[in-house]
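2 protein chains.
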Amino acid sequence: MHHASEILLTLFIVFVAAQIGGEIAQRLKLPGVVGEIAAGCVIGPSLLGWITPEQTATGTPLDVLAEIGVVLLLFSVGLETRLEDLKKVGKIAFLVGILGVLVPFAMGGLWAHGSGFDWDRSLFVAAAFVATSAGITARVLQELGALQRIESKVILGAAVIDDILAMLLLGVVVSLQGGGGFDLTHLLVVLGGAIGFIAVIGWGGARAMRWNSTWLDKPLSPHSPLMIVLALCLGLAYLSTLFGLAAIIGAFLAGMIASETRQQHTLEQQTMPLLALLTPFFFVITGSKIDLHELANAEALWMLLVVTLIAIVSKLIGGWLGSLSLGRRSATIVGFGMVPRGEVGVVIASLGLTAGVFTHRIYAIIVAMSLLTAMVTPPVLAWLLKRQSSPQDTADILPPSPEA
Amino acid sequence: MHHASEILLTLFIVFVAAQIGGEIAQRLKLPGVVGEIAAGCVIGPSLLGWITPEQTATGTPLDVLAEIGVVLLLFSVGLETRLEDLKKVGKIAFLVGILGVLVPFAMGGLWAHGSGFDWDRSLFVAAAFVATSAGITARVLQELGALQRIESKVILGAAVIDDILAMLLLGVVVSLQGGGGFDLTHLLVVLGGAIGFIAVIGWGGARAMRWNSTWLDKPLSPHSPLMIVLALCLGLAYLSTLFGLAAIIGAFLAGMIASETRQQHTLEQQTMPLLALLTPFFFVITGSKIDLHELANAEALWMLLVVTLIAIVSKLIGGWLGSLSLGRRSATIVGFGMVPRGEVGVVIASLGLTAGVFTHRIYAIIVAMSLLTAMVTPPVLAWLLKRQSSPQDTADILPPSPEA
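Taken in sequence, the protein lines are chains A and B. The first sequence runs 1449 to 1852 under my numbering. The second sequence runs 1449 to 1852 under my numbering.
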């Protein structure tokens, strides 16, 4: 009974902090998500200490709620994304994904080697510069109602490609630490598996749903279509982790499949309260992982500034170059959309700490960099999108797909 | 990453099992909740062993999801309950609450003493016969669309009174185990606190909301009224545990307060997907706690049968006597509505096991009894309610309250 009471208090604190943070941010004309992350930093161990998330392990109730929150978020983003639309931007997204991984990896590795790491360790540090956190960008695009824009489609498509590449890079880097070189055949198998999974599930699922979705109404449960797609969401989120991908990729695919059903509009409405309850946990927990103590000296702050600048600039260059065919303004939006690292950077930093490759300070700096990129991006992105949505640019907004 | 993947699989299994169980139950014309509890028993440690909830502690992610699920369930029940309606049935609910505690306590105590327990321990066993689990009944009433019936109001009102009395009884019984007698003044203070909490929050909150609820729309968040009432729900659920009450009492009060707002209808619709996602966790986890191994012999089964019969009959008599002024048929509905013990019986049994008062077998039997009452009730209640809703009885259905 006592423990149950404690966890209710924690849930209450996290939830209310998110609301207050989000409200303040919106009053300051910033995206709500910035306020939620900041609220997490305030109530986390660094300042008030009201919540104490595990730094490395996932599995505490708060972490699980955060995980469900971000899974549902990407599901709902998928629900607003038609496969057809993604296909239209396929080539550009592919370029953005590739360049958005290579440029940060190269620049991050060079910086690490320049700071005194040997090459093997430098590559590990470089891997932490790579993976885009689709969650943050998706939330901002959703908040601004910009998910139907062409830049958003490019960003989402590129985020999927980005995740595949990041997974591969991490595999290479981790195996290099073992000292035994790496197994190219194994990597190719992993790559094939991941691409196959996405292709089969995304393409096959979407086609199947477009062909027939009346069976979703067959069960007697009053919540029927929702229950089935939520089960699909949890199932694909799990499956995608088996293929070495982030759970959110599977959730995004599930949403994209569900967007082909004729119940899509109802599903979108019903997903909204789920997001309202659960996504704040993800952003508050993310914010609470910023360890201000490790950063409380001039040298660490300077290093953080450099690392964050490299992280932002390198991703911006990669994304910008990849999407230049959309025009400079759109390319800037895409570039900034790819900047947030969020939880993926945190996960890589945790791996580095556990493997003994990173010191506590490097760990803290990489975590802080991941989260700073997540906090800096939303206001910039919001500003860019608002500036962009002048009348002469409306051609950038894709026409809605015809009903299947 | 690995742990996150594991928990996603568990979530998927629990969620899908609940859907399948619920669907089968509904095809058999049983309430869906029966199927969800049975599904929990099947995938739990007794049979398939796919999920392994802690028997005594709460605090694992699954337990927390279950807790949030039942809290939201009672919140949504509160959302369909007007304070005015509860007031109309106040006296009957009070009688039902008192008799529904005293009769099972007396019969349970006599049985335990007759089975060879000394009086102090018998009182502890007796306490496990007492507390009604409002969750199960509420779900059945909600599934059948019967929450507006007068019997439902009586049951919900009585469940609140029941919870106060059960808390007091448990206090007395636990202090008796210490051997030092009990402190009447302390108990009166606890009683006063609990009643004061319910009265102030329920009455004051409802009045405040009826007076003015436009401020709920003030925040900029697009989910605004929902966010505020969810925060209220979590906050009151926590507060009520501070007063020694079950968290669901606070959640019910929060729902009742929110039912007075002019956004009540929207809130009801928005709560539905939350229930769809989270309440299955509560019922599946509840079912998974049935330990079939401890019961796998004739003697234990016989004892379980006797204990369950006493539990059902004693609560039925108490509830029936208390609500006889509604007519015999309605009194039968109320009596059966009070039968499920569910998680409260499990909690008391856990306390008994930890305190060394119960053997593992008595523990298993009391847990199984609590859950059997929860499984037996829904079909009976569904049958009684359907039989009852013949035209000549429609006067039993309360007229909707006038808009404030």
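Hints are not guaranteed to be accurate.
[Unchecked claim] Here are the simulated PhoX-like cross-link-like pairs (lysine-lysine), alpha carbons at most 20 Å apart as the crow flies: (1) B:K1834 x B:K1477; (2) A:K1666 x B:K1477; (3) A:K1477 x B:K1666; (4) A:K1536 x A:K1834.
[Stated by the list, open to error] Pairwise CB distance ranges (calculated): (5) B:R1776 x A:D1665: 39 to 45 Å; (6) B:I1546 x A:L1740: 42 to 48 Å; (7) A:E1454 x B:K1834: 40 to 46 Å.
[Unchecked claim] With the C-beta cut set under 8 Å, the calculated list includes, among others, these residues of chain B facing chain A: (8) S1453; (9) A1554; (10) S1669; (11) G1683; (12) A1695; (13) Q1712; (14) T1714; (15) L1725.
Hints in this document: simulated from the structure, not taken from any laboratory. Glycine included, every Cβ here is placed at the ideal spot set by N, Cα and C.
A quick look at each hint next to the structure:
no., hint, in the structure
1, B:K1834 x B:K1477, "holds (12 Å)"
2, A:K1666 x B:K1477, "holds (16 Å)"
3, A:K1477 x B:K1666, "holds (16 Å)"
4, A:K1536 x A:K1834, "violated (24 Å)"
5, B:R1776 x A:D1665: 39 to 45 Å, "holds (41 Å)"
6, B:I1546 x A:L1740: 42 to 48 Å, "violated (55 Å)"
7, A:E1454 x B:K1834: 40 to 46 Å, "holds (42 Å)"
8, S1453, "holds (4 Å)"
9, A1554, "violated (25 Å)"
10, S1669, "holds (6 Å)"
11, G1683, "holds (5 Å)"
12, A1695, "holds (6 Å)"
13, Q1712, "violated (15 Å)"
14, T1714, "violated (10 Å)"
15, L1725, "holds (6 Å)"
In this structure, the earlier hints numbered 4, 6, 9, 13, 14 are contradicted, and the remaining ones agree with it.
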